[in-house]
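J.: Below are the chains, spelled out letter by letter.
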Amino acid sequence: MGFEVPLKPNHWTLWPSERRAQGDPSGAGRQDGREALCQGSGVSLPCVGAGCRHYRLSRLSRRCPRRARRRPSRGTVGSRGNYGGWEKKRRRLEELLADGMAVDGGCGDSGDWEGRWNHVKKFLERSGPFTHPDFEPGTQALDFLLSTCKVLVIGAGGLGCELLKNLALSGFRQIHVIDMDTIDVSNLNRQFLFRAKDVGRPKAEVAAEFLNSRIPDCAVVPYFKKIQDMDESFYRQFHIIVCGLDSIIARRWINGMLMSFLHYEDGVLDPSSIIPLIDGGTEGFKGNVRVIIPGMTACVECTLALYPPQVNFPMCTIASMPRLPEHCIEYVRILQWPKEQPFGEGIALDGDDPEHIQWIYQKSLERASQFNIKGVTYRLTQGVVKRIIPAVASTNAVIAAVCATEVFKIATSAYVPLNNYLVFNDVDGLYTYSFEAERKENCPACSQLPQNIEISPSAKLQEILDYLTNNASLQMKSPAITATMYGGNKTLYLQTVASIEERTRPNLSKTLKELGLVDGQELAVADVTTPQTMLFKLHFTT
Amino acid sequence: MARPGPKEQRYDRQLRLWGDHGQEALESAHVCVINATATGTEILKNLVLPGIGSFTIVDGNQVSGEDVGNNFFLQKSHIGQNRAQSATELLQELNGDVSGNFVEESPEKLLDNDPSFFNRFNLVVATQLPESTLLRLAEVLWNSNIPLLVCRTYGLVGYMRVVIKEHTVVESHPDNMLEDLRLDKPFPELIEHVQDYDLERMDKKDHSHTPWIVIVAKYLTKWFSEKSEQLPKNYKEKEAFKELIRQGILKNDNGTPEDEENFEEAIKNVNTALNRTEIPRGIEELFNDDCCLKLTEQSSSFWILVRALKEFVANEGQGSLPVRGTIPDMMADSNKFIKLQNVYREKAKKDTAAVGSHAAKLLQSLGKAPESVSERELKLFCSNAAFLHVVRCRSLAEEHSPNSCSRDAIISHMDNPDSEIVLYLMLRAVNRFYKQHGRYPGVYNYQVEDDIGKLKSCLTGFLQEHGLSVAVKDDYVHEFCRYGAAEPHAVAAFMGGKL
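Going down the list, the protein sequences come from chains A and B. Note that our numbering numbers the first sequence so that position 513 is 513, with each residue one more than the last. With the second sequence counted from 1, adding 1000 to any position gets you our numbering.
None of these hints come from the bench; they were simulated from the model. Check the hints yourself; a few may be wrong.
Here are the computed lysine to aspartate or glutamate pairs in the EDC-like style, where the Cα-Cα straight-line distance is at most 20 Å [what the hints assert, rightly or not]:
1. A:Lys374 x B:Asp1329
2. A:Lys197 x B:Glu1093
3. A:Lys197 x B:Glu1346
4. B:Lys1076 x A:Glu366
5. B:Lys1007 x A:Asp217
6. B:Lys1109 x B:Glu1139
7. B:Lys1076 x A:Glu114
8. B:Lys1339 x A:Glu366
9. B:Lys1007 x B:Asp1020
10. B:Lys1165 x A:Glu114
11. B:Lys1007 x A:Asp352
12. A:Lys374 x B:Glu1346
13. A:Lys374 x B:Asp1333
14. A:Lys286 x B:Asp1175
15. A:Lys286 x B:Glu1243
16. B:Lys1233 x B:Asp1175
17. B:Lys1165 x B:Asp1289
18. B:Lys1185 x B:Glu1229
19. A:Lys460 x A:Asp428
20. A:Lys197 x B:Glu1229
21. B:Lys1007 x A:Asp198
22. B:Lys1007 x A:Glu355
23. B:Lys1251 x B:Asp1203
24. A:Lys537 x A:Glu463
25. A:Lys374 x B:Asp1020
26. B:Lys1076 x A:Glu209
27. A:Lys386 x B:Glu1008
28. B:Lys1007 x B:Glu1024
29. B:Lys1007 x A:Asp428
30. A:Lys197 x B:Asp1097
Just chain B, same shape as in the assembly:
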C-alpha cells in the first residue's frame, strides 16, 4: 500500500472508523436537506466535513435576524436574502470535494409542481417542517422508496425519525462481538491441527507457547473421554473443567507449577470459549423472511445472499454459519499462532466459496448476471454473517392515522413516569396547535399564558382522537409554551451530530 494521497490524509481519522468502503458510499451519496435552519445546517456540516458527494438545500424562506442568531452558516449580511443560497455558500467553504446546490423554493411548491424532484436523492432530511407538508413529502418519498429523515428541534427537545421501508446493513461494526472459534463444533481441519500438538511430549518452551485455543480444545477431548459426553455447561462443570486445565500446567522439580501465561489465558477464556455456536435469532428471522423465501428478479443482492447463506447452513455448514476466520491475539510464538490463524482463515475462505456457489446458482435461476454480486461483497457478507441487520419502519401516514397508531405501546410507555414518550405526545399536540392557529404556541411572550390553555385543548383533542387515555401533566404543556418553538443552537447542533 502506497503512501496516502491528500484526500486520504484529510479523511484519515474517519477512515479508521468506517473504512474505504464506507467512504465510497458516502462520496457517492446525494442528500437533500429541506430548510437551512440551524438544525439543517448543523446536519449538513457533519455531512460536508467527512466528504458527502453532494447536497441540495431546499428552502423558500428569506434569512431573518433570528436565523442569523442561531445559525453558524448564516451571517448578518444575509438578512433578507434567500436562506438556501446563503447557507450553501458558507457550507461549501468547508470542503471543496463536495458539490453544494440549492433550490430557492418551498417544499410545498415543489410538491405541488414537481414531486418527482425528490427522486434524485439518496436521502431526504426534513428539518422544522409543519406536519401537513411533512406528511405529503413522506408519502411521495415512501412511494419512490427514498429514505426520509425527519429532524426537529423544539426548545430543549430534539426529535428524529427515520422513515424507510427497508434498510439492510451488512457491516454493522459490532462493538463487543464474541469470537467465532467453533470449539464446541470443531471443523475437521481444526481437529486435525489440534491433533498435531502433543502437550505431554513437548519441551518447556513449546508447552508455554501453545495458543490457548489449542489448550482448551485438547482438554475438551480429555473432558469428553474422562468426565462427560457433554460440554461443561453450568458453573460447577466449568470450574471442574478449569481445574482439569490447571492440572496440565508444567511443574518444576519441586512440584510447584510453572508460570505458564498461555494456560492462565486458557482458564480465563473458558467461559466464552465454550459458547455454543448457534445461528443468532435475528439471522434466523431473516432466513424466514418473505424477502428471503420468495426471491424475484427485483430482489436485492442482500436478500439473494441471505438465501445463499440459508442454503449453506442447511448443507455444507451443517447447521452453522460460515466460519468468520479471525482469532484474537493470544500468548503464543509467532509460528504456532500464524498456523492456527491460517486454519481459521482457510476454513472461512472455503465456506465463503460455498456460499458464493449457492449465490451463483440463485443468480442464474433469477436470470441475473453472476457478477451482480462482487467477490468483495460476498466476502464482507460472509464475515459479517452473524451481524446482518434489517431496519424496517412504518410509514408516517400509518403512524399518524388514529386507526393504526401504536396505541397500546404509547399507553404502556406512559405508565413509566420517566418515559420520554410524553415529549412525543407534546410534539404532536404542538403540530395540532399549528394546524389550528397557523403558528406555534408561545412564540411571543404575551401569548404564553393564553396559549397554555389552547395547547392543552389541542393535546386533549389529539389524545381523544387517537383513543389515548393517558394523563399528561400540565407542566409539560407549560414547558412547551415556554419553548415558543425556539431552536437553541446547542440543541440543533446536538441533533446535527446524531445523524
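In isolation and in its complexed conformation, chain A is listed as follows:
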C-alpha cells in the first residue's frame, strides 16, 4: 500500500484500514474484518479519512448492491456540486426508497425509527464546499459510526457525561468508558447521568446503564478502573480516544501510551499506527480542547509548559507566619493532623468524610483567631483540603460539545478537524480562540530523538533527580532511575517502595563517577507520568 505521509497537519491520514496486524496484539479489536473487506473492494485508493474509503465502498458493495452501484465513477469523488439531473433523480428515488425501507435503510436491523439520523445524515450524505478534501458523501460514514467505529471516553465525570451523550446522539454506538471514581453528592449539579440514589456507585457503570437504557442500540461498555490498570492491547482497539480528565498525570500517561503505538519505517511514520486523542479540560468558566494526532501534531508533552505549576504555600508561612485563612487550614492539614491523629492512629485525612473536614475546620478557626485572621469557613476548608476546582454544567457542555464534534469530524472526514488547540472563556461575555500548538522538536514523548542530560561527572545523583522533576518539559513526580551496567540493571534510586528507597537513598549524595556511570551511559527512568520507561543519555561536561 502506498501511503503518503502528509506534510501538513490538516492533511493527515487516519487509521486507514491497514493497521499493522503484527503491531496489534489485540488482533480482533482492530482488524474486525476491515482488512478483508478492503481487499475485497478491488479498488486501490489511498486510505484517507474515517472508516477509510475502501472500507466503506467495499462494505456497502457487500451489503447493499443498490447503493454501491450508484457511484458512477471515481471522478466524482469529493468533487463539489455534482448534482446533475441524473444525480438528482437518483437521489430522489433513493430517498423515497429509503423512506419506505426505514428499518433497513443502511442502519442495520436495529430498532431505528424513521428520521432518527436525519440531523446527522445531512452532513454525511451531501457534498459541500467546506468539507475535508478527501470527504466522500454517502451512507458509508454513518454505517461506519453505527457499526464499526470504537471510541474510548476517559472519565465519566462532568465532561464524560456530556461526551457520552453527545457521541451517542451523533451516531456512535461502540463507546467504552473508563473511570476510577464513585459518585458523590457534589457531582449531581452537572453530571446529569447520575441521581441521588446512585451516590457511592461507580461512575462508569451508572453512566453506561443510563445511556444504554435511554438511547436504543447504544452499547456503552464501562470500566470501573484506573487507566493505568489497562494494558496496551486494550487501548489499541480504539479508533479514537477522547479524554475528559481532571488530572495532568493521567493525561500524560494516556498520551505516552498512544505515542508508544507509533510505528516508523525508515524514519517515515506509518499512519496506521496513529490513534487520535481529543482532550478536553475545564475549570470554572474556562476550558480548552485540543486535537492530538500522535506523531503529527503537538502532544501533551510538547506543551507541558502550558500547564501552570501547582502553587504550594511555603512551609515557613504555614508553620510560623500565616496571613490568609488558607495558611491556617494548611497548617492543620499538614502539621496538626499527623501530630494529633484525631481519628485514631494511622487514619489518613479523608476529604470526603465530613467529620474529618469538621475537625480541620474547627482547628483552623482556632489557629486563625490566634493570628486575627478572618475568613475561615467550612466551604473554604473543604476546598483547600480537597483542592477543589470549581465546576459548572455549562462550561462542561461547551467543551464536551467541541470534543464530540471533533471526534465526529475525524471519524467521518466530514470536515477538517481543529488545528489544534481551542481555548474558551465565558467569565465576561464569550470568548473562544484557537491556535496551532507547535510540536517540540525534542519532545520526550513524540520526537524519536534521544533525550540527553548534559552534566558534570562530579555532579551528584540528586541533581539528576532534581532535573527530572523540576525541568519544565519533564515535570516528573517520583522518577525511578536505573542504569544498565556490568551486564545487569542496577537501580540507582526508587522512591515508590519504602524499603528500596531506604536502600538507594545514599546513592543520591554520591557523584555519578562514584556510582560508576560513564559518558554516554543510558539511564532508564520510570515515572507515573508515562507508561513507558524513558531513556536518557548522559553527556559528561568537563
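Use these hints to put chain B onto chain A, whose structure you have.
T.: Just chain B now, with coordinates in the frame of chain A:
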C-alpha cells in the same frame, strides 16, 4: 459557619463560582423556553442542574422521529405526543428542587390570544423560531421589559442574541483585576501606618518580614525627596526606582546583600504598584449617563447607587472611587500583614459608609424607603465599584429594519475575510427563504440543488433591501443548503452551554 446541608453539598462546586448570592438569584428565577428542540432542552438541562427556580416549556409540536434522534430528553415512546410535556418529564428528573411546567401551545397562538402570558417570566429563551414569530415575541417582551435570548442551531452554525433594554451587573467577577493599593494617592491612614515603620532601625528579622507595600511606600517617599516630585513613569525611571529599593536590602558583614524575599517582591511589583488610581472610563461613562443624572422614583437601586458613588467621588473620595479594601498575599509575618490589611479594610468600610449616606439622601429625596438599598447590596456595590457594567441592546425590530440596521458595521466586518458576519447574513437569507417558501432550504436531499439558486436569490434580495453592497461567496450558499436546517446534537449542546 455550620456544616453544609444537602443542598449546599449538591451545589458546592458552583457555589465556589457564583457564591450564595448568585445561587439565590438563580433559585428565584422563572424561565420560559420556547420549543423543546435539542437546543431548547440542552439549555434547560444546564439551568435545571444548577437549580433554577422554575421553568416553563412552550411548544405546540408533536414529537417526531427526527426529534428523538437528536434530543436527549425525548424518547422513542414519546413519538406523536406533545413535545413540551415529554421533555418536561425527562428534564424534571434531573433536579427535584426545580419546578417544571409546560404549555402545549404554539408561541404564535399564545401571542394571538394571551400575549401577557410572557410577562410572568424573568427570561424568555426562544429556540429555532421562524423570524416572523420571533419579531412578534420580541416586541411583546421589549415593551414589558423582559429579557429575551434568541438561540438557534443551524447546521454547524450557532446563533445567540440577547435582547434586553438594559442589564446592570455589579458582581462581574473580573478575571485579572489590578489591585487597588493607592500607593500613588495614599490616604491619611495608610501614610500614618507606613510612618510607624523605620526600616533603618529594624532588626534583621523584622526588616525581612515587612510587607512589600510598606517598602514601596517608604521608598516612594525617598524618591520624592531625592529624585523627583513625580512618580516614576517610564521604564528608565522605574528601573531607577527599583535600584533605589535594591540598595535598601540589608547586607551581611561581607557586604553581600541578604536574601530578602520581601524586597524582591517589592521590586517585582513596582510596575503594577505604581499604576495610577483612576476612575475607569466605563465608570466615568456611567456617571454621565442620563439614568444617573436624572434619577426618578422609577430609578433602580443600581442607578441610585451609581449616583451616590459619583457624589462620593466628587466629595470624600477626592476624585477616587471607594477603596476596595483587599490586598494580595505577600511575604510578611502575620502581625504586620494583618495590620496592613486592616488599614485597607477600615478605609473601605469608611468609604462604603460615606457612599451609603449619599445613597440615603438620594433615596429620601426620591421618596423611597431607606431600606430599599440593603447593607449587603451597598457593600457589594462599593467593593465592585471599578467593575460595574451595563449592557444595553437594540431591539430586534431596530436590527431588522432596513433603515436602522448596522449597515456600515456589517460592511466593514465583511472586509475582513475571516469575519463570521457572513454567517449572520446567511441566517438572515435563510429566514427570507422560509418566509417565501414556507420551509428551510435543502431539508430533503432532492431539493438541495434547486434550493441553492433560490437561497442565492433570497440572499441577493436581502442584501439589496438593506443596502448592503457586499459579496458573499457562493460556497456559503451551498453550505447552508447542505445544512438543510439540521440541528446536530453536539452543536445544540454547545449552544446549551453558552447560556
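J.: Look at each hint and say if it fits the structure.
T.: Structure-based check of each hint:
With a C-alpha separation of about 14 Å, the suggested pairing of Lys374 (chain A) with Asp1329 (chain B) holds against the 20 Å cut-off. Proximity of Lys197 (chain A) to Glu1093 (chain B) is assessed by CA-CA distance (about 12 Å); at most 20 Å being required, the pair is judged to hold. As the CA atoms of Lys197 (chain A) and Glu1346 (chain B) are separated by approximately 49 Å, the hinted pair breaks the 20 Å bound. Among the hinted pairs, Lys1076 (chain B) with Glu366 (chain A) is inconsistent with the structure: their alpha-carbon atoms are about 59 Å apart, more than 20 Å.
The straight-line distance between the Cα atoms of Lys1007 (chain B) and Asp217 (chain A) is roughly 36 Å, outside the 20 Å bound, and the hint therefore fails. For a cut-off of 20 Å, the pair hint linking Lys1109 (chain B) to Glu1139 (chain B) stands: about 15 Å separates their Cα positions. Simply put, Lys1076 (chain B) and Glu114 (chain A) have alpha-carbon atoms about 10 Å apart, close enough for the 20 Å limit, and the pair holds. Proposed proximity of Lys1339 (chain B) and Glu366 (chain A) is supported: the alpha carbons are some 19 Å apart, at most 20 Å.
In summary, the hint linking Lys1007 (chain B) to Asp1020 (chain B) is supported, as the alpha carbons are separated by about 12 Å, within the 20 Å threshold. Proposed proximity of Lys1165 (chain B) and Glu114 (chain A) is contradicted: the alpha carbons are some 44 Å apart, above 20 Å. Among the hinted pairs, Lys1007 (chain B) with Asp352 (chain A) is consistent with the structure: their alpha-carbon atoms are about 16 Å apart, no more than 20 Å. Pair hint Lys374 (chain A) plus Glu1346 (chain B) holds up; C-alpha atoms about 14 Å apart against a cutoff of 20 Å.
Our distance criterion of 20 Å between C-alpha atoms is met by Lys374 (chain A) and Asp1333 (chain B), whose separation comes to about 16 Å. For the hint pairing Lys286 (chain A) with Asp1175 (chain B), the CA-to-CA distance comes to about 11 Å; that is within 20 Å, so the pair holds. Of the pairs offered as hints, the one joining Lys286 (chain A) and Glu1243 (chain B) is violated, with about 39 Å between alpha carbons and a cut-off of 20 Å exceeded. Between Lys1233 (chain B) and Asp1175 (chain B) the CA atoms are separated by roughly 26 Å; this puts the pair beyond 20 Å, and the hint is violated.
Note on Lys1165 (chain B) and Asp1289 (chain B): the hinted pairing holds, with a Cα-Cα distance of about 15 Å set against a maximum of 20 Å. With a C-alpha separation of about 13 Å, the suggested pairing of Lys1185 (chain B) with Glu1229 (chain B) holds against the 20 Å cut-off. Of the pairs offered as hints, the one joining Lys460 (chain A) and Asp428 (chain A) is violated, with about 50 Å between alpha carbons and a cut-off of 20 Å exceeded. Restraint check for Lys197 (chain A) and Glu1229 (chain B): the C-alpha separation of about 70 Å exceeds 20 Å, so the hint is violated.
Proposed proximity of Lys1007 (chain B) and Asp198 (chain A) is supported: the alpha carbons are some 16 Å apart, at most 20 Å. A C-alpha spacing of about 18 Å is found between Lys1007 (chain B) and Glu355 (chain A), which places the hinted pair at or below 20 Å, so the restraint holds. As the CA atoms of Lys1251 (chain B) and Asp1203 (chain B) are separated by approximately 12 Å, the hinted pair is consistent with the 20 Å bound. Between Lys537 (chain A) and Glu463 (chain A), the direct Cα distance comes to roughly 15 Å. Compliance with the 20 Å bound is thereby established for this hinted pair.
Of the pairs offered as hints, the one joining Lys374 (chain A) and Asp1020 (chain B) holds, with about 19 Å between alpha carbons and a cut-off of 20 Å not exceeded. Distance hint between Lys1076 (chain B) and Glu209 (chain A) is fulfilled; the C-alpha atoms sit about 17 Å from each other, no more than 20 Å. For the proposed pair Lys386 (chain A) and Glu1008 (chain B), the alpha carbon gap of about 16 Å is at most 20 Å, so the pair holds. For the proposed pair Lys1007 (chain B) and Glu1024 (chain B), the alpha carbon gap of about 12 Å is at most 20 Å, so the pair holds.
Restraint check for Lys1007 (chain B) and Asp428 (chain A): not satisfied, since their Cα atoms lie roughly 27 Å apart, outside the 20 Å limit. Restraint check for Lys197 (chain A) and Asp1097 (chain B): satisfied, since their Cα atoms lie roughly 15 Å apart, inside the 20 Å limit.
In this structure, the earlier hints numbered 3, 4, 5, 10, 15, 16, 19, 20 and 29 are contradicted, and the remaining ones agree with it.
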